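S.K.: From first to last, the protein sequence lines are chains A and B.
Following the numbering used here, the numbering of the first sequence begins with 1 at its first residue and continues without gaps.
Following the numbering used here, the numbering of the second sequence begins with 1 at its first residue and continues without gaps.
Bear in mind the hints are in silico, worked out from the structure with no lab data behind them.
The structure displayed is predicted, hence computed values, not measured ones.
Yeah, the Cβ is synthetic: ideal placement off N, Cα and C, and Gly gets one too.
Check before you lean on any hint, since a few could be wrong.
A few chain B residues that face chain A, going by a derived Cβ cut-off under 7 Å, partial list only [claimed, not checked]:
id: 1; residue: G30
id: 2; residue: G31
id: 3; residue: R62
id: 4; residue: A261
id: 5; residue: M314
id: 6; residue: Q315
id: 7; residue: N317
id: 8; residue: L318
id: 9; residue: L321
id: 10; residue: A351
Negatives, chain A to chain B, calculated, CB over 12 Å [as the list claims (entries may be wrong)]:
id: 11; residue: L28
id: 12; residue: A31
id: 13; residue: G33
id: 14; residue: I86
id: 15; residue: S139
id: 16; residue: A183
id: 17; residue: S189
id: 18; residue: T212
id: 19; residue: G215
id: 20; residue: R219
id: 21; residue: T223
id: 22; residue: S224
id: 23; residue: L272
id: 24; residue: Y279
id: 25; residue: V284
id: 26; residue: A285
Computed beta-carbon distance windows for the label pairs [claimed, not checked]:
id: 27; chain 1: B; residue 1: T366; chain 2: A; residue 2: E266; range: 18 to 26 Å
id: 28; chain 1: A; residue 1: E266; chain 2: B; residue 2: R374; range: 32 to 40 Å
id: 29; chain 1: B; residue 1: E231; chain 2: A; residue 2: P287; range: 49 to 57 Å
id: 30; chain 1: A; residue 1: Q138; chain 2: B; residue 2: P292; range: 54 to 62 Å
id: 31; chain 1: B; residue 1: R149; chain 2: A; residue 2: D187; range: 48 to 56 Å
id: 32; chain 1: A; residue 1: S224; chain 2: B; residue 2: S146; range: 43 to 51 Å
id: 33; chain 1: B; residue 1: R263; chain 2: A; residue 2: E270; range: 25 to 33 Å
id: 34; chain 1: A; residue 1: R259; chain 2: B; residue 2: R149; range: 38 to 46 Å
id: 35; chain 1: A; residue 1: N263; chain 2: B; residue 2: R374; range: 26 to 34 Å
id: 36; chain 1: B; residue 1: S217; chain 2: A; residue 2: G215; range: 32 to 40 Å
id: 37; chain 1: B; residue 1: R271; chain 2: A; residue 2: T212; range: 31 to 39 Å
id: 38; chain 1: A; residue 1: R217; chain 2: B; residue 2: S71; range: 17 to 25 Å
id: 39; chain 1: B; residue 1: E242; chain 2: A; residue 2: R217; range: 35 to 43 Å
In case you want the letters, here they are:
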Amino acid sequence: MAGDPKVIFVTGKGGVGKTTVTRLLTALGEAAGLRCAAVHLGEFTGIEISSEDDLVLDEVSDVEPEASTEEPVPQSPTAQNREIRIDPADALIDYLNDHGFGKLASRLIATGVVGVIATAIPGIKDLLLLGKIKQLEQSNDYDLLVVDAPATGHTLSFLTSPEGLRDIAKVGPLRKQSEDVLAMLADESRSGCVIVTIAEESPIDEALESVTVLGERTRIHVTSIVINQVLAPLSSNHDAPERETTESETSDPVDLAWRFRRNLQERQTEQLMRLKETYSGTTVALPLLPLTTVHSSLVDQLLEQLEVQMDLEVES
Amino acid sequence: MTEQLPSSSEDTSLEKLLHQRSTIICIGPGGVGKTTSSAALGAGLAKMGRSVCVVTFDPARRLASALGRTSLPHEPTLITDESFSGSLWACMLDATVTFDAMVLNYAETEEQAERIFANRIYRNLVTNLSGTQEYMALERLWELHSDPRFDIIVIDTPPSAGALDLINAPRHLVSFLDNRLFKLIVKPVPLYLRPVSLAARTLLKSISKVVGSEVVSDALDFFHEFSGIEEGMKARAQQVEELLQSASTGFVAVTSPRVSALRESQEIIRRLHGSQYDPLGLIVNRMTPEFPLTLEHVPNEPPTSVEPALWSLMQENLHLLRQLREIEIRNLATYLAQGPSLPLLLIDTLATDLTSLDELVKLGETMLFSTLDRANFASDEDSSTIES
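Next comes chain A alone, as it looks inside the complex (with noise of 0.2 Å):
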């Protein structure tokens, strides 16, 4: 894993399997020996103030930029903590306490005027969000930190937010940290993105769209495509091989079961030679395994499939 970048945005289509492929590389990277923590990501609740007379703010109205006397808020989990959760409310108001506004932020969310905010100045939240991504990049408690990140068109306003961000404001803190997390986003060695598709005609080509416009509108890696629930070969040879039927109103379930799968088979291979023609970097096929509800187990039998198919692929 030597080279990869420390933190992996996981992004694609709705339903396609982000969080399972998150967590996979999550175990991936612990099964290498690091340090990894999977990362989800928090909305902002409540855009509505709740009473006017929250708005006198009697407390608020000296504040003036200080060092904040209060102790810095605990920021990265300890490294047993496989699952980060980043609320972006939580993310304001260390950001607001590193800044010296540690008053202003209580006052901020009691009144839920955090919420407004977020909402007025587009992008802030995604802003937060990365910002904490960075911090904790920084810190040396991971080597790894897998990202859940938001469904492909969010994505894109997700990662050029810093950018819209850096245009709006051009000086002070803001500015500042919309500067540290493009340069993040930039660095190959820092960051990438994986997209998670499945190989249906819409979802392939929102990966393919995604993989152009990420790379026109923002200065991230796309490190692969992830083509998940994708139906293993029945024979070992790769071309199942054709039932002759003579009958063909058949109405043995054997038969008709067949014809079900390499119907389904040609349409996926069908997709899949298209994202190969189009894309040239590196996919990974995940392989259709029975859905559990258990999530774990779903994640261990990816693996151990995983490793088989990633033998295959350095024998030949």
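Got chain A sorted already, so can you dock chain B onto it with the hints?
M.R.: For chain B alone, coordinates are given in the frame of chain A:
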């Protein structure tokens, strides 16, 4: 669960449930075939002689080509020809176009609209503000609903970003634009309210120190320019809410048997239920088909035309697919038991891509006329369980 299961004489179908509904809203998580389901329902209804407009978001290229188009425009385009008893129209929602049109509509003067369009923050808001897509979907629904060309509007909803749903998003958007904090700062303040305004201003000043004053003044400019428009939006949100609550609107939930999709769709249904908008039914797409045993089927005897090695592969395949289906059914049973009981329609994964309007109509007819189940999975209990 005290709800009574309907007796067999009350067999129902989506066609019966959707009868006399002029607005059909398909809701559900992303990646479950919601767009295809909306288009199929629309095509099926058009085949029955109705005049239907399907509003989609970002349709798959192949769906557009099944409709005989390479892409769909913002304005409804007629898909069917004279051979059809009804007519099917389709359009793709462009939130930016809708938002701009709405601003033009509600702005007092054209200059006000122009100033808003020129604001740096406006463009960002239109594309990034959560709830915008949902609000615009409903705004578009309102426009089309009063269009005399259509009897029925079928609206596919944007894949919600999770936190906000279709119903509440517009209200959130309006309350954001109508925010008192900004109003207090932007609008002239009566004397008795001055202290409040002063406090708010001081707060803003503090914020400016953190994020930079330009950002704050841009935002203030935006709210200043936008003032007045939110009144129109508020009134419209009210009208749309009434339309959604009326008997002419029907919600159809769409999901897939995957755990993540079920979890998300149950959450959507739960919220709708809480707001008194019960979906009429739940379509579960992407089911692995059932391959039932037939009388002619002899399990362990390969037909003479098939090599034994291939035959065992084929049997292995059947076993795997049955296993998949069983797990899917179990997922459904687990998750659907947690929500309000809904009439259920299971749709198998399509073996081939939809390539023509005829196929879309066929799928739509299957959806409309199949008898719906109540969530009742008793029939699967006798099948053997799988150790995993």
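S.K.: Evaluate each hint against the coordinates.
M.R.: Outcome of the hint check:
no., hint, in the structure
1, G30, "holds, 3 Å"
2, G31, "holds, 3 Å"
3, R62, "holds, 5 Å"
4, A261, "holds, 6 Å"
5, M314, "holds, 5 Å"
6, Q315, "holds, 6 Å"
7, N317, "holds, 5 Å"
8, L318, "holds, 4 Å"
9, L321, "holds, 5 Å"
10, A351, "holds, 4 Å"
11, L28, "holds, 21 Å"
12, A31, "holds, 22 Å"
13, G33, "holds, 29 Å"
14, I86, "holds, 15 Å"
15, S139, "holds, 23 Å"
16, A183, "holds, 19 Å"
17, S189, "holds, 30 Å"
18, T212, "holds, 16 Å"
19, G215, "holds, 20 Å"
20, R219, "holds, 20 Å"
21, T223, "holds, 23 Å"
22, S224, "holds, 20 Å"
23, L272, "holds, 15 Å"
24, Y279, "holds, 17 Å"
25, V284, "holds, 20 Å"
26, A285, "holds, 17 Å"
27, B:T366 <-> A:E266: 18 to 26 Å, "holds, 23 Å"
28, A:E266 <-> B:R374: 32 to 40 Å, "holds, 36 Å"
29, B:E231 <-> A:P287: 49 to 57 Å, "holds, 56 Å"
30, A:Q138 <-> B:P292: 54 to 62 Å, "holds, 59 Å"
31, B:R149 <-> A:D187: 48 to 56 Å, "holds, 55 Å"
32, A:S224 <-> B:S146: 43 to 51 Å, "holds, 49 Å"
33, B:R263 <-> A:E270: 25 to 33 Å, "holds, 31 Å"
34, A:R259 <-> B:R149: 38 to 46 Å, "holds, 42 Å"
35, A:N263 <-> B:R374: 26 to 34 Å, "holds, 31 Å"
36, B:S217 <-> A:G215: 32 to 40 Å, "holds, 34 Å"
37, B:R271 <-> A:T212: 31 to 39 Å, "holds, 36 Å"
38, A:R217 <-> B:S71: 17 to 25 Å, "holds, 22 Å"
39, B:E242 <-> A:R217: 35 to 43 Å, "holds, 41 Å"
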